[in-house]
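**Q** Sequence:
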Amino acid sequence: MHAGGDASGAEVTRTLAAALRARGIAVLEHTVALEALRSADGVVCGVRTGRIGDAGELTDVTDLCARAVVLAAGGSGQVFTATTNPPGATGDGLALALRAGAEVADVELVQFHPTVLWTGAAAHGQQPLISEAVRGEGAVLVDAQGNRIMAGAHPLADLAPRDVVSATIAAHLRATGAECVFLDARHLGAEFLANRFPGIVAACRAAGFDLAREPVPVVPAAHYACGGVLADLDGRTGVPGLYAVGEVACTGVQGANRLASNSITEGLVAARRCAELLGAELPPLAEPLARPAPACLVDPSARAAITAATSRYAGVLRDAEGLAELGRVLADVPRPAGEPDLAAVEATALHTVATLIAAAAAARTESRGCHRRLDAPETRPEWQVRLVHRLDRAGLVRTRTVPVRVGADELVVA
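Residue numbering for the sequence shown follows my numbering, starting at 124 and increasing by one per position.
Keep in mind the hints are simulated off the structure, nothing from the lab.
Honestly, I wouldn't trust all of these hints.
Simulated restraints on C-beta separations [said to hold, decoys possible]: (1) V508 to H277: 22 to 32 angstroms; (2) V184 to R319: 23 to 33 angstroms; (3) G518 to G259: 45 to 55 angstroms; (4) D455 to T488: 17 to 27 angstroms; (5) N385 to R137: 13 to 23 angstroms; (6) E337 to E399: 25 to 35 angstroms; (7) D498 to D455: 41 to 51 angstroms; (8) A256 to L405: 36 to 46 angstroms; (9) E314 to R528: 44 to 54 angstroms; (10) R528 to L139: 27 to 37 angstroms; (11) T185 to A443: 43 to 53 angstroms; (12) E505 to A246: 38 to 48 angstroms; (13) T524 to D498: 15 to 25 angstroms; (14) V508 to N385: 13 to 23 angstroms.
Just so you know, even glycine gets a beta-carbon here, dropped at the ideal spot from N, CA and C.
Using the sequences plus the hints, can you model the full thing?
**A** As structure tokens, then:
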């Protein structure tokens, strides 16, 4: 699915925003969901929100009661130093659902896009994505000396699947100590590139690079979370009143390694199915408890350490030693005192996501899909399972395995 040249996501967002405005639906901008409201029997019946002030402080904390809560909060790519995800993709929705009693699954399955623009070692957060469509048109990956990176690495060379290209680049960087590789599209010509990839050409130019005149520096970066809040194909989670759609959800549609563009398709289809379901079976409004239990916050000063350690030890290539070190780093984060602000809410969500990734990636002692273990490079049939996590009453993560049976025409989670 493509729209607006190389800006499909922006076009979907623009269209949906216009549809909301046209229908007079209230949108609470500059507002964050803090906790799910639950009734005495555990039904989710609203959310506690806070308005984000100019300095990131949270004001006007309000309880919004509802007959159902649908999470469409996106992913958690900001848990890594470099990502294609926007600044708000800090895993808030996943963390909120987990605290509300929902299960999450497949969190170790993080897809890395092989080519985001490398703008320097100090760069962090959202980085410009250079679509694989550029390689589809004939661009190639090379090292600083102009040698092809993917030649001999896979029969499809530069057109290999994302996980293969990302792993090959990561292994090259680890072996050589280089900070980046390069994408060479010069032979495609300035006119073709400007017409076919206007957004990418502009992003390169804004960073000081000319895609038509020079090989541009690229590295892999976190792109998509195949895991999330465990939900069925209609968005139902295991918690009554709570639904999840899109990247925040884990329905099994993406498997262990999402195919390109499937996320947009899933988001559109899942949202429609969830809306139709709620139209048919919207539960009655429940009475919320007086006050939801607040999250145990993480000090915002720990955010850089969390993202750096997650990137280093749970990035494209992983091993037991690194994942154990990540666990130690996460266990040592400071806890703030006083009232929460947006920075603390986001740091807490990132810490939750990183903790889950570390535990799940350490438990899965094989390589499967976009999860690659240097110390366990083979895919093992006994690991054809999902790792499903929940919080117990003491706030500790508990994990169970759920077999996945694959038939000729179906995938069934037992």
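**Q** For each hint given before, does the structure comply? Return the numbers of the non-compliant ones in rising order.
**A** 2, 6, 7
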